[in-house]
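Student: With the sequences and hints as input, model every part of the structure.
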Amino acid sequence: MLKGDYGKKSFINPITKLMLLVTLPAFLMGGLGGKDAEIFTLIFPLVSLFLLFISKNFKAGIIGLLAYIAVIIAWSALSSGSDGVLHIMLFIVAGIVTGLLPCALMSIYVISSTTASEFITGMKKLFIPDAITIPMSVIFRFFPTVKEEVHAINKAMKMRGVRFGGRKSAGILEYRLIPVLMCSLKIGDELSAAALTRGLDSPRKRTNVCDTRFRIQDILLLLLCLCAYLVWVLSLFGIHFGEVVKL
Amino acid sequence: MIELNNVGFTYLSENSDESSAELNGSLSNINLIIEKGSFVLLTGPSGCGKSTLLRLINGLIPHYYSGKLEGEVMIDGEPVNDKPLCESAEKIGTVFQNPRSQFFNVDTTSELAFLSENLGIEPETIKSRIKQTAESFGINNLMNRSIFHLSDGEKQKIACASIEVGKPEIILLDEPSANLDYHATMQLRQLIAQWVRQGRTVIAAEHRLFYLWDMIDRVVLMNDGKIIKDYNKNELNKLSDNDLSKLGLRSAHSPAPTEIELPAVTTDDKMLTIKSLQFGYKQGFFTRSKAGNYIIDIHNMKLALGKITAITAANGEGKTTFLNCLCGLERRSKDDIIIDGAPFKRRNRLNSFFMVMQDTNHQLFTDSVLEEVMISLPEPNEDKALKILESVDLVCYKERHPMALSGGQKQRLAIACAVASERDYILFDEPTSGLDYGHMKEIATLMRQLRDLGKTVVIVTHDSEFIEDCCERKVNFASRS
Chain A
296 MLKGDYGKKS FINPITKLML LVTLPAFLMG GLGGKDAEIF TLIFPLVSLF LLFISKNFKA
356 GIIGLLAYIA VIIAWSALSS GSDGVLHIML FIVAGIVTGL LPCALMSIYV ISSTTASEFI
416 TGMKKLFIPD AITIPMSVIF RFFPTVKEEV HAINKAMKMR GVRFGGRKSA GILEYRLIPV
476 LMCSLKIGDE LSAAALTRGL DSPRKRTNVC DTRFRIQDIL LLLLCLCAYL VWVLSLFGIH
536 FGEVVKL
Chain B
133 MIELNNVGFT YLSENSDESS AELNGSLSNI NLIIEKGSFV LLTGPSGCGK STLLRLINGL
193 IPHYYSGKLE GEVMIDGEPV NDKPLCESAE KIGTVFQNPR SQFFNVDTTS ELAFLSENLG
253 IEPETIKSRI KQTAESFGIN NLMNRSIFHL SDGEKQKIAC ASIEVGKPEI ILLDEPSANL
313 DYHATMQLRQ LIAQWVRQGR TVIAAEHRLF YLWDMIDRVV LMNDGKIIKD YNKNELNKLS
373 DNDLSKLGLR SAHSPAPTEI ELPAVTTDDK MLTIKSLQFG YKQGFFTRSK AGNYIIDIHN
433 MKLALGKITA ITAANGEGKT TFLNCLCGLE RRSKDDIIID GAPFKRRNRL NSFFMVMQDT
493 NHQLFTDSVL EEVMISLPEP NEDKALKILE SVDLVCYKER HPMALSGGQK QRLAIACAVA
553 SERDYILFDE PTSGLDYGHM KEIATLMRQL RDLGKTVVIV THDSEFIEDC CERKVNFASR
613 S
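Chains as they are written, first to last, in my numbering: chain A, 296 to 542; chain B, 133 to 613.
These are computed hints drawn from the structure, not numbers from a lab.
None of the values given here were measured: they were computed from a predicted structure.
Some chain A residues judged to face chain B by a derived CB distance under 8 Å, without partners named:
1) Thr-410
2) Arg-436
3) Ala-451
4) Lys-453
5) Met-454
6) Ile-473
7) Pro-474
8) Leu-486
9) Thr-492
10) Leu-495
11) Ser-497
12) Arg-501
13) Thr-502
14) Val-504
Where is the CB? At the ideal position from N, CA and C, for every residue including glycine.
Tutor: Structure follows, in structure tokens:
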């Protein structure tokens, strides 16, 4: 069983992940670079799908891929022939799926593939203070915990007959929220106490058993992001990427 | 050496309703000297202040929990209060009660490395320490796993291992077995025995005595925030279980729950027959569970109607899932359950079974105790609700928020809801985990009351004392039969 090497290796470095998390929404949802950066709105979704598949998260990957393809086909097939309300609705759906979905997929990848320890080390390398890093690192722990709690609470509600259509259906949201909040608060409190007895507040320089060196895939992805920003900056100065290529 | 001189502590009232409900846990006038290398057990009823005492030693008081502190706590001649927590962390390791809330990381290996990483130890040293710990604790099979896929027993092992990697001189255990079944508790015992053999100082706060009893050097008995008795090894050996129960303590010699002799059903019993019950989680996104891949695969289990039946298992696997299937919560369970010669379908079971879960926090939703019982009644009726609350001794709390009750009170409230639901079958998942002798007795009495109301009570439990006290039938459960 012993591999001699503890600590799962992530395919990419935490810093690269952070960079992607900032860059994707900026270009896909924020529309940086406009027409000039259009090529990146095709590349970035592929990057997030690729990362999901390489980390063996097939469920999210396949659902994402199918949704993406479906919307692109629908958009190209229907957009020219439609007008009015249908056109606007299609436009909104297509906008959400092509813009928001890749960003959501990237977040899923980052949260499922990063350990708290990797994240803390990455943030320290970027000189971000502990006061920001530590609370954020709990997120990796928090989502799966809340999911577990919600699951247990849903069972309890079902068993006690709080379901849609019943006499008690009015309270369906309230009843769910109270125990979820209470349990999460309690767990958060106990978690902080446990982490403190394990030296979380130590002022010493933190070490890390994970390998967080930059590898070739990190450099390629960072270069990709850099290119995107470059295209944007150049476009601000009136140099348009599209025209440069044509020349 | 640990010294407490005239120590008193009161939690700040703003530190929530919770502390007041947990009967405070404040301490007064504690004088205690614990020698290096001894194994001390702190015990006493819930809320007697034993957890508070541990928090004083590991520095969580006053650094994390605030309140009024008097006196001083010294470790090896140095006061704990003045030192930052991270310095205490090097010397003292703490294992907590709740397996769900003591891991900062999502995977086991990172968790083991966490303490050493925080203290800035060289990665190579950390890796070799992890390797060493994994081998001496026999947990190589648990490395590199997601915390969320471990059983409670496995989580507690990882918690022990994560402090062992730091090689602490002093080990504090805060009810580490509260959520564990018999099998997992005995495995925990082996890890603790390793520490005791190596001459570390171990201080455990526990209700369950049997798994530690023969290793203990000393028992400190507390009540109401004071030390009331201090037994050394010789005095301990003279105590019988009878003496212990007079002191309000759990038995020191519990047999394994599977070894208790009770009939499963007798010929006079009316019964519910589980001809077969199979359940498997979906394996992956594409693969569905196949035959032979079941987590639960039971045939011909009989439960007596109108009796209190204990369900015990040598190994805790799948017990909770079994209860979920039995009361119809698992849509994917394949079952064939017969009652009065007719099949008992999942939909019907959902309306005839009530389950009191192990963590009652999950099933109390509303904002007052009375409301909680009211929504459980088939038709709202305040008089009826009050009568039920009276039977579980909670009428005086009827306006309270359920989350502001103590653990034992929440349990009683959940039982009140079960009564109010007017369902015939009431299932319990480990109702006595983490309860002291007095509360355990209370729950046993309530079980008998439920039976006298004509309910069929089925209890999944690993608590031998509780089984001997109130159960009339016992089924040994194996997730695959």
